[in-house]
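S.K.: Protein sequence lines correspond, in order, to chains A and B. FYI, in the working numbering the residues of the first sequence are 1 to 171. FYI, in the working numbering the residues of the second sequence are 1 to 754.
If you are wondering where the hints come from, they were derived from the structure by calculation, not from laboratory data. Warning: the hint list may mix true and false statements.
Stated by the list, open to error - In silico lysine-lysine, BS3-like type, Cα no more than 30 Å apart, as pairs:
# : chain 1 : residue 1 : chain 2 : residue 2
1 : B       : 321       : B       : 160
2 : A       : 81        : B       : 321
3 : B       : 209       : B       : 220
4 : A       : 81        : B       : 264
Claimed, not checked - The following residues of chain B were derived to be distant from chain A, with all beta-carbon distances above 12 Å:
#  : residue
5  : 16
6  : 70
7  : 229
8  : 389
9  : 440
10 : 524
We put the beta carbon where it would ideally sit given N, CA and C, even for glycine.
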Amino acid sequence: MSLHLPKRHKGFSLVEVLIAMFVIVVGVAGVTATMWWAAKRSDSGKVMSEASNIARFISETIRTQGYLQQTNLPDLASGLKDGPTDRRGIYDPPFSAVLLGMGHITGQKAEKENFQSDVDRFRRNVTYDRLNGAGSAHAANMALLIVRIYWNEEGFERHVTVESLLPIAPL
Amino acid sequence: MRFLTRMRLRGASILLLSFIFMSVLFLMAQTLFQVIPAEFHASHRSHTDLMGHYVARSGVQDTMSWLQVQMEVFAKDQRQENLPDYNDGSGYPHIEAFLAEANDRRPFSEGDWSYQLELQPLQDQNSLQNILEARTFSVRSTAFLRGRPIKTIDVMLRQKTFAMFGFLDSQSQGETPILLTGQPQFFGPVHTNGFFNFNATSMDWDTAKPSFADVATHSKMSSSAPAYGDGNVWTGDAPYDTDGPISGRYEAVFNDGRNGLRLKNNIELPTNTDGLLDQAYPGGAPPTDQGVYVAASESGFVKGGVYVAGDVGKVNMRLDKFGNQKIEINQIRDNGTKSQTTIKKTNCVTKKYSPPKYGTKNVNPCITWSEPTGDGGGVSGPPAAPTCLEWTKETYEQTYTECTETPVTEEVDNVDPFETHIYEVTESPVTVTGPGGQTFTAQVGQTLVLDRHQERQQSGSPWVVDSVKVLDGQINGTIYVNGNVGRKDQNSDYTNNGARQEGLWGIVKGSAKTDEAGNFVTDTHGERTYNNKIIVTPLDKEIAIGGDLLQFDPTKFKAKPGNMNLESVSNNKFNWTNVARDPRAEGPDALSPNNQHVFGIISKDVWLNGPKQDGNQNVWTGSSTRRQMLGNDGINDIYAVILAGKSEVNGDGSPKLDANGDPIVSGGFGTWHNRRDQLVKGLGKYQLFGGVIQGTTGKNFGGGSKETHHWLDGTGTAGYDVSIRYDLEATRQPTFPNLAEFRMVRYFERSARN
Chain A
1 MSLHLPKRHK
11 GFSLVEVLIA
21 MFVIVVGVAG
31 VTATMWWAAK
41 RSDSGKVMSE
51 ASNIARFISE
61 TIRTQGYLQQ
71 TNLPDLASGL
81 KDGPTDRRGI
91 YDPPFSAVLL
101 GMGHITGQKA
111 EKENFQSDVD
121 RFRRNVTYDR
131 LNGAGSAHAA
141 NMALLIVRIY
151 WNEEGFERHV
161 TVESLLPIAP
171 L
Chain B
1 MRFLTRMRLR
11 GASILLLSFI
21 FMSVLFLMAQ
31 TLFQVIPAEF
41 HASHRSHTDL
51 MGHYVARSGV
61 QDTMSWLQVQ
71 MEVFAKDQRQ
81 ENLPDYNDGS
91 GYPHIEAFLA
101 EANDRRPFSE
111 GDWSYQLELQ
121 PLQDQNSLQN
131 ILEARTFSVR
141 STAFLRGRPI
151 KTIDVMLRQK
161 TFAMFGFLDS
171 QSQGETPILL
181 TGQPQFFGPV
191 HTNGFFNFNA
201 TSMDWDTAKP
211 SFADVATHSK
221 MSSSAPAYGD
231 GNVWTGDAPY
241 DTDGPISGRY
251 EAVFNDGRNG
261 LRLKNNIELP
271 TNTDGLLDQA
281 YPGGAPPTDQ
291 GVYVAASESG
301 FVKGGVYVAG
311 DVGKVNMRLD
321 KFGNQKIEIN
331 QIRDNGTKSQ
341 TTIKKTNCVT
351 KKYSPPKYGT
361 KNVNPCITWS
371 EPTGDGGGVS
381 GPPAAPTCLE
391 WTKETYEQTY
401 TECTETPVTE
411 EVDNVDPFET
421 HIYEVTESPV
431 TVTGPGGQTF
441 TAQVGQTLVL
451 DRHQERQQSG
461 SPWVVDSVKV
471 LDGQINGTIY
481 VNGNVGRKDQ
491 NSDYTNNGAR
501 QEGLWGIVKG
511 SAKTDEAGNF
521 VTDTHGERTY
531 NNKIIVTPLD
541 KEIAIGGDLL
551 QFDPTKFKAK
561 PGNMNLESVS
571 NNKFNWTNVA
581 RDPRAEGPDA
591 LSPNNQHVFG
601 IISKDVWLNG
611 PKQDGNQNVW
621 TGSSTRRQML
631 GNDGINDIYA
641 VILAGKSEVN
651 GDGSPKLDAN
661 GDPIVSGGFG
671 TWHNRRDQLV
681 KGLGKYQLFG
691 GVIQGTTGKN
701 FGGGSKETHH
711 WLDGTGTAGY
721 DVSIRYDLEA
731 TRQPTFPNLA
741 EFRMVRYFER
751 SARN
């Protein structure tokens, strides 16, 4: 007696297809999430670099312009020094695009305005004080300059900080 | 589906395919997980590097600040133990104390940043001359983040020299505006301890050329400058508005744009020139008797420069016929004899008139009246002062004073003109005749000193040689005059302040360097090397520049005809111009090719007293030996960096301050107001190749002790015109006072990550 087994169906079973679809969906979803996250982190890195550059511009401008070369360091009313919670626009006086050297990036007014709009997302906070260290005469001739650049990311305030010591006018 | 069916028929599993596909996606995702965070990490690392850069540089600034304080402390108290260490083999106690403090300092608020410093002095000996020797240090500063090295900066620090400035005015705030439309060109650094007063009236910002090729710094802010300005006064148009700098305007004036105008620490002028005295006359107290001295060892070897005790009438930097530098110094000295002189003494007595004369005068008591207090309304006021209504009169007898002159004979010291000729024999032997007719010859490499005098009492008397000395080696280029040079207190040619007030003029050649054996020191090309010359006085004396001060040009000297006599009787300067830099040349031919023949002039006051151009009415005719270039082109050419001024100090060495707490400075660069032309232009035109560092600028045209100057723009109506051509090599003269500041002469930054 010959046993006739039922002829196997060509194609995939529903279970196989469902499992396969599940695997693919999970994979694609993972990759998509990764790309979304990666894109966000990439933007964060770019913003952080921009913030670092702006902090550098401000630090260098304060140094080269000698803003702190005065026996009485500029106070809060000067617009240069900020309180702990102050957040000023990057180009608020006494700074400007020209003074910070950022107006010369393109030399074109229209492009400067574009740059301006990029800068608008950042806020600055500048503080400084004489470094009165351990009774040292020369320590009082230096100031610790702290430049913080703030921006918002996903509802959180993020910042970069650049600190440096600058020689200042003796007391 | 057909494809999948075929795959199925071949035994493939869709699950397997799915897993393969998922693996590919997983690999892609993993790649993204690697790449994107790496980018983020890179930006974070970039920020860390930036912070590391600033932290490492903070260490350098810390070191520079410490060195500056050390030098300032020394400048004030002159205590050698306060100088920074040097390599004398006895360790570095100052440096170690500083490093212990600095390396322990954690000033940074965020993270765990710190820096570690290494500081190594590069000078092997301490000349004990804070104002003379430019100290050099090597510094390594490494930034650490939580103990991990991030960034290292290696720098070489060198003390700044005052010679670096194109123009430094210690007290210029509110003074004569710098007229920018006149296009004064400042090629070197410019500084004022006050603030600038710029006049930009009628300024065409689009076509203006930079007037400040280097940085312009100021130490104060004008109270009248707006908050959005730069702290200086701008008359006319300003380069900023309420939004800050206007693009292109600062660039029109300052080569470096807005960064070309900066605030800077106050720069204190030297308080003394003791270091240079030690350079001119090393090894002990200098002589006090009037005279010219060349310090020499017992074996007759020159061991310093030239020291002059007392005022001198002239310092004439000449070339002899062979091209040897010959320095002529003239003084009026006591000749050791006395003479009787008759003077009239006045005796005055009070006498009464005969017959008597009488007069009346008011004497007390005075009949007075006081205004009653209060009024009819009952209001009281303060008591009124009594009014004198009538004096009591008194009669008295009038007198007069009668004076008589009585001749009185007194004994006075006799003075004669004395001259010293110093030959730096570098080109050809010099032969002179000594006091007894003896012949003296100085060979190349030696120095000849000849003293002579003239009997002033005998009109037209010949010069009599008093002594001749031949010394081995060469002077070191420093001429220290412990008195005034060419001071002109009176219009007389002969005063105790010097004879023939010619002041300082001539052609300046560096002093050839010789080794201990007296041989010339040569460079790698076999060329002789020279110490630059410098003339200096104590900082309560004056130097008058009486004419051109040219600069010797060794290249032109080599190319001159061999038989050219450089010491012809007439037109000396014309001959000298054949071997001097050409002040009329455009470009580098006028400037110094190196720092070996540049000149430094240091005194409290440096006066311009040169001849005038034809046609001007204030030509000085007090001397028959006016010096001028052939053709009298009217411009005095001065190759020198001039430091005229001092910071005043109290007895304890502390700085003297004015009512505002600012350091008091004195001295300056100018000219006597009584030399001013009352009708046309001022005292003429001067072209200075070098720079000016001065304490004060005279402002009072009418009666001040000095005149202010105008930049050579053709608009000057008083004072004199002077243009300054910044001579880069002149700023590099090694013998010149230094500031208590350091600059980086080498900078190398690298990653310190492991």
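S.K.: Each hint should be assessed against the structure and marked as holding or not.
M.R.: Hints, verified against the model:
no.: 1; hint: B:321 to B:160; verdict: violated, 39 Å
no.: 2; hint: A:81 to B:321; verdict: violated, 68 Å
no.: 3; hint: B:209 to B:220; verdict: holds, 26 Å
no.: 4; hint: A:81 to B:264; verdict: holds, 19 Å
no.: 5; hint: 16; verdict: violated, 10 Å
no.: 6; hint: 70; verdict: violated, 8 Å
no.: 7; hint: 229; verdict: violated, 9 Å
no.: 8; hint: 389; verdict: holds, 60 Å
no.: 9; hint: 440; verdict: holds, 56 Å
no.: 10; hint: 524; verdict: holds, 38 Å
Hint violations for this structure: numbers 1, 2, 5, 6, 7, all remaining hints satisfied.
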